[in-house]
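Peer 1: The chain contents come next:
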Amino acid sequence: MRIAVGGKGGAGKTTIAGTLARGLARSGHSVLALDADTNPMLGISLGVGPRETDLLVAARQALDAGEEEHQPSTEGLVERFGTDAPDGVRLVVVSRIDSADPG
Amino acid sequence: MRIAVVGKGGAGKSVIAGTIARLLARRGRRVLALDSDLMPGLALSLGADAPADPPLNDAAERPEGGRWRLKKGIGPVRAVQRYSTAAPDGIRLLQVGKLGGEGLPPIMPSVQAFYQVIHRLSGAAAFRNWTIVGDLPAGPRQTAFDWAPYAQSYLVVVEPTWKSALTARRVARIARSRGRDVFLVANKISGDADLRRAEQLVGEPIRMGVPADEAVAAADRLGAALIDHAPASDAVRAIEQLVVDLTAE
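The listed protein sequences derive, respectively, from chains L and G. Every position in the first sequence, counted from 1, becomes a number in the working numbering once 441 is added. Every position in the second sequence, counted from 1, becomes a number in the working numbering once 3 is added.
What the hints contain is simulated information worked out from the structure, not anything from laboratory work. Glycine included, every Cβ here is placed at the ideal spot set by N, Cα and C. Warning: the hint list may mix true and false statements.
Cut-off 30 angstroms, straight-line C-alpha distance, at most; resulting in silico cross-link-like pairs (DSS-like, lysine-lysine) [said to hold, decoys possible]:
1. 75/G <-> 101/G
2. 454/L <-> 101/G
3. 101/G <-> 449/L
4. 101/G <-> 74/G
With the C-beta cut set under 7 angstroms, the calculated list includes, among others, these residues of chain G facing chain L [to be verified]:
5. 13
6. 141
7. 143
8. 147
9. 166
10. 170
11. 177
12. 236
Sequences are here, hints too, so could you generate the full structure?
Peer 2: What follows is the structure in C-alpha cells.
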C-alpha cells in the first residue's frame, strides 16, 4: 500500500499521515514514512518528539553537503538518513528549507 | 507600511493579512494586497471575488532559449492597473493565481511575472505612499526565495503548538538573515497562559495575541471575510489593536 496525503495547510495532513503510519505499523505492515514537506513536521505526529524532529537530517541537504561519496540507492538513503519512529515506522525527511537561497 | 505575513499552514495567515489590510484601508491608507500563494486564500479573507486565473499570464514572455521577462511596457504600475482586482474598502488585490485544476491554462508566465513585479515595487515612485500587505504560502519556502522583497517587516503568525512554533522559528530566522524586521503574532490563543506557552515554544516575545474565536471558523465556513461577518468579534478587536500599534510607530 502506498499513500500520499495532500490538502490545504492546517487541514490535518501531517496528523492523519502520522496516525495512519502508526496504525498500519501496529497491524503488521512495514511502514516507510516520507516527509516530503520542505517544512517537515511529520516526526512530531509520529511521536518522535518536537526537538528531535527539528534536528532530523534531511536527505537532500545531506547529499548536497557532500556527506555521501556516491549517490546511494533508495535502500541506502532510507538506511543512511532514516530515523526509527515508534511502532517500527521508518521516517525519512526528504528536504528541509532552513536558510535563505537554499539553492 | 509594508508587511509580509508568514507562518505554518492553517495558522491564520490569510485571515490576519486580510483583516489588517481592510483595517488599514479604513484608516485611509491606499492598500495593495498581494497573494503569492498558488492555493490563494487572501481574496476570501478580504471579502473580494477571486480574480480570473491566472491573472498575469499574458504579462510575461520567454524569448527563444532565454529567460522569462515582463513584456515591453509592463512595469509594476501597469501590472497593478491591469491585473489587480478590487477588494472592499478600496483595496487593490494582485494575486499570482491558482495552481492546477485540469483544463486551466499553465501558470508559469503568471508566476514569473508576479515575481518580477513584486521585485520592482520598492523602486516604483507611484507606490511610494502605498501600504502593502503580502500573504505568503505556508512554510519557509517563499521567505527563503525572497518572495516578499517589498516587506520591511515579516509578521510571523504562530499558534501555541510545536509544529507552528518550529515553523515560526525557521521562518523568522530566514527573514532575519535577510536583514528584515520580524515580529510575532500569536493566533488562536486561549488566555494569558496560552500566550506565554506560545512565547516559550517560539523562544521570543510575542507582539500580540489574537484570541481563539469561534467567529473566525464561522466566517471561514461561510467563505466570508472575518471583518464583514463578525466586525465586533474578539479576533477583529485584537487585530485592530495590532494595526493601531503598527501605525503608531
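Peer 1: Now look at each hint and say whether the structure bears it out.
Peer 2: We went through each hint and held it up to the structure:
Pair hint residue 75/G plus residue 101/G holds up; C-alpha atoms about 25 angstroms apart against a cutoff of 30 angstroms. With a C-alpha separation of about 20 angstroms, the suggested pairing of residue 454/L with residue 101/G holds against the 30 angstroms cut-off. Between residue 101/G and residue 449/L, the direct Cα distance comes to roughly 13 angstroms. Compliance with the 30 angstroms bound is thereby established for this hinted pair. The suggested pairing of residue 101/G with residue 74/G holds, with an alpha-carbon distance near 21 angstroms, which does not exceed 30 angstroms.
Interface hint at residue 13/G: satisfied, since its Cβ lies 1 angstroms from the closest Cβ of chain L, which is below the 7 angstroms cut-off. Using the Cβ-Cβ criterion of 7 angstroms, the hint placing residue 141/G at the interface with chain L is satisfied: the shortest such distance is roughly 4 angstroms. About 5 angstroms separates the beta-carbon of residue 143/G from the nearest beta-carbon of chain L, less than 7 angstroms, and the hint is met. Using the Cβ-Cβ criterion of 7 angstroms, the hint placing residue 147/G at the interface with chain L is satisfied: the shortest such distance is roughly 5 angstroms.
At about 4 angstroms, the closest approach between the beta carbon of residue 166/G and any beta carbon in chain L falls short of 7 angstroms, and the interface hint on this residue holds. With a least beta-carbon distance of about 6 angstroms to chain L, the hint placing residue 170/G at the interface is held under the 7 angstroms criterion. Given the 7 angstroms rule on beta carbons, the hint for residue 177/G holds: about 5 angstroms separates it from the nearest Cβ of chain L. Taking 7 angstroms as the C-beta contact cut-off toward chain L, the hint placing residue 236/G at the interface is violated, the least distance being around 19 angstroms.
Violation of the numbered hints given earlier is confined to hint 12; every other hint is satisfied by the structure.
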